[in-house]
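Protein chains in written order, with the numbering used here: chain A, 10 to 123; chain B, 4 to 122.
Calculated from the structure, these hints are not laboratory results. Incorrect hints may appear among the rest.
With the Cβ distance kept under 10 Å, some of the chain B side facing chain A (calculated, not the full set) [as the list claims (entries may be wrong)]: (1) SER58; (2) ILE59; (3) VAL63; (4) PRO64.
Derived DSBU-like pairs (lysine-lysine); straight-line CA-CA distance at most 30 Å [what the hints assert, rightly or not]: (5) A:LYS122 with B:LYS25; (6) A:LYS12 with B:LYS21; (7) A:LYS12 with B:LYS56; (8) B:LYS43 with A:LYS25; (9) A:LYS122 with B:LYS56; (10) B:LYS12 with A:LYS25; (11) B:LYS21 with A:LYS82; (12) A:LYS25 with B:LYS22; (13) B:LYS12 with A:LYS79; (14) B:LYS43 with A:LYS12; (15) B:LYS22 with A:LYS82; (16) A:LYS12 with B:LYS44; (17) B:LYS39 with A:LYS110; (18) A:LYS122 with B:LYS41; (19) B:LYS21 with B:LYS43; (20) B:LYS12 with B:LYS44; (21) A:LYS110 with B:LYS41; (22) A:LYS110 with B:LYS43; (23) A:LYS12 with B:LYS22; (24) A:LYS110 with B:LYS21; (25) B:LYS56 with A:LYS82; (26) B:LYS56 with A:LYS25; (27) A:LYS110 with B:LYS25; (28) A:LYS79 with B:LYS56; (29) B:LYS44 with A:LYS82; (30) B:LYS25 with A:LYS25.
Don't be surprised by glycine CBs; every beta carbon is placed ideally from N, CA and C.
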Amino acid sequence: AQKITQTQPGMFVQEKEAVTLDCTYDTSDPSYGLFWYKQPSSGEMIFLIYQGSYDQQNATEGRYSLNFQKARKSANLVISASQLGDSAMYFCAMRRDGGFKTIFGAGTRLFVKA
Amino acid sequence: DTEVTQTPKHLVMGMTNKKSLKCEQHMGHRAMYWYKQKAKKPPELMFVYSYEKLSINESVPSRFSPECPNSSLLNLHLHALQPEDSALYLCASSQVVGPASGGSYNEQFFGPGTRLTVL
């Protein structure tokens, strides 16, 4: 069975500083993808970044990077130079390659302080 | 066009009403999804359509009835709902890729959601 664990219900970060949101996962699938989504209070789920299980390099997308440690089954999201607009709920998610079902973690609420 | 649209944005209905949620995308995606999200919880998958055929039903009560009339539209028909069905209903779409996708992935694009309140 697949499982995603996010152990930080809430996080605070000062504007312009970096923050790491933790995510660990468990799966028996040999090939899978890991995703991070941002959900502002408006409700829309915004795709941020993707990491494939066979990717050798960590994914990066602008200010977002994914610290992927396959042996430890962790896929932490790093946000550099935090902005006030980064305040939102962040979900880590996983889906086996070719599958339709996405498993989400419980989420981490990020608060960026001015 | 990389947008998934959902109507209405807000819906209030009584337990005896019949209503429908609508979702539309024009990205050529052949997989469409319905999720239910309660406050402060992650989204929960309800249904998946692949090539306009129901592919996954996550044991959803029959008072929720999905419909995929064509490759761009996805409906969710609601009847005799309960107050505990009040939630944010999210629609998503993606390409359909096989297991041996060679590194590509079926990123899901989400709509803004419909906030449903059942009185």
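Here's how the hints hold up against the structure:
1. A distance limit of 10 Å between C-beta atoms decides the matter here; for SER58 (chain B) the minimum to chain A is near 6 Å, and the interface restraint holds.
2. Nearest Cβ of chain A to the Cβ of ILE59 (chain B): about 6 Å, under the 10 Å cut. The hint holds.
3. The restraint placing VAL63 (chain B) at the interface with chain A is violated, with a minimum CB-CB distance near 14 Å, outside the 10 Å limit.
4. A distance limit of 10 Å between C-beta atoms decides the matter here; for PRO64 (chain B) the minimum to chain A is near 19 Å, and the interface restraint is violated.
5. Note on LYS122 (chain A) and LYS25 (chain B): the hinted pairing is violated, with a Cα-Cα distance of about 37 Å set against a maximum of 30 Å.
6. Using a Cα cut-off of 30 Å, the hinted pair LYS12 (chain A) and LYS21 (chain B) is violated, with the two alpha carbons roughly 36 Å apart.
7. The straight-line distance between the Cα atoms of LYS12 (chain A) and LYS56 (chain B) is roughly 27 Å, inside the 30 Å bound, and the hint therefore holds.
8. Taking the CA atoms of LYS43 (chain B) and LYS25 (chain A), the gap is near 26 Å; set against the 30 Å cutoff, the hint holds.
9. With a C-alpha separation of about 47 Å, the suggested pairing of LYS122 (chain A) with LYS56 (chain B) is violated against the 30 Å cut-off.
10. With a C-alpha separation of about 34 Å, the suggested pair LYS12 (chain B) and LYS25 (chain A) falls outside the 30 Å cut-off, and the hint is violated.
11. Annotation: proposed proximity of LYS21 (chain B) to LYS82 (chain A) is violated, straight-line Cα distance about 45 Å (limit 30 Å).
12. About 46 Å separates the Cα atoms of LYS25 (chain A) and LYS22 (chain B), which puts this hinted pair outside 30 Å; it is violated.
13. The suggested pairing of LYS12 (chain B) with LYS79 (chain A) is violated, with an alpha-carbon distance near 40 Å, which exceeds 30 Å.
14. Distance hint between LYS43 (chain B) and LYS12 (chain A) is fulfilled; the C-alpha atoms sit about 18 Å from each other, no more than 30 Å.
15. Restraint check: the Cα-Cα separation between LYS22 (chain B) and LYS82 (chain A) comes to about 43 Å, which exceeds 30 Å; the hinted pair is violated.
16. Between LYS12 (chain A) and LYS44 (chain B) the CA atoms are separated by roughly 15 Å; this keeps the pair inside 30 Å, and the hint holds.
17. The hinted pair formed by LYS39 (chain B) and LYS110 (chain A) meets the criterion: a straight-line CA distance of about 13 Å does not exceed 30 Å.
18. As the CA atoms of LYS122 (chain A) and LYS41 (chain B) are separated by approximately 27 Å, the hinted pair is consistent with the 30 Å bound.
19. Proximity of LYS21 (chain B) to LYS43 (chain B) is assessed by CA-CA distance (about 27 Å); at most 30 Å being required, the pair is judged to hold.
20. With a C-alpha separation of about 19 Å, the suggested pairing of LYS12 (chain B) with LYS44 (chain B) holds against the 30 Å cut-off.
21. Proposed proximity of LYS110 (chain A) and LYS41 (chain B) is supported: the alpha carbons are some 18 Å apart, at most 30 Å.
22. With a CA separation close to 20 Å, the supplied pair LYS110 (chain A) and LYS43 (chain B) stays within the 30 Å bound.
23. Distance hint between LYS12 (chain A) and LYS22 (chain B) is unfulfilled; the C-alpha atoms sit about 34 Å from each other, more than 30 Å.
24. Only pairs whose Cα atoms come within 30 Å are accepted, and LYS110 (chain A) paired with LYS21 (chain B) is accepted, the gap being roughly 28 Å.
25. At most 30 Å may separate the alpha-carbon atoms for a hinted pair to count; LYS56 (chain B) and LYS82 (chain A) exceed this at roughly 34 Å.
26. In summary, the hint linking LYS56 (chain B) to LYS25 (chain A) is not supported, as the alpha carbons are separated by about 47 Å, beyond the 30 Å threshold.
27. Our distance criterion of 30 Å between C-alpha atoms is met by LYS110 (chain A) and LYS25 (chain B), whose separation comes to about 21 Å.
28. Proximity of LYS79 (chain A) to LYS56 (chain B) is assessed by CA-CA distance (about 35 Å); at most 30 Å being required, the pair is judged violated.
29. Restraint check: the Cα-Cα separation between LYS44 (chain B) and LYS82 (chain A) comes to about 23 Å, which is no more than 30 Å; the hinted pair holds.
30. For the proposed pair LYS25 (chain B) and LYS25 (chain A), the alpha carbon gap of about 40 Å is over 30 Å, so the pair is violated.
Checked against the numbered hints listed earlier, the structure breaks hints 3, 4, 5, 6, 9, 10, 11, 12, 13, 15, 23, 25, 26, 28 and 30; every other hint is satisfied.
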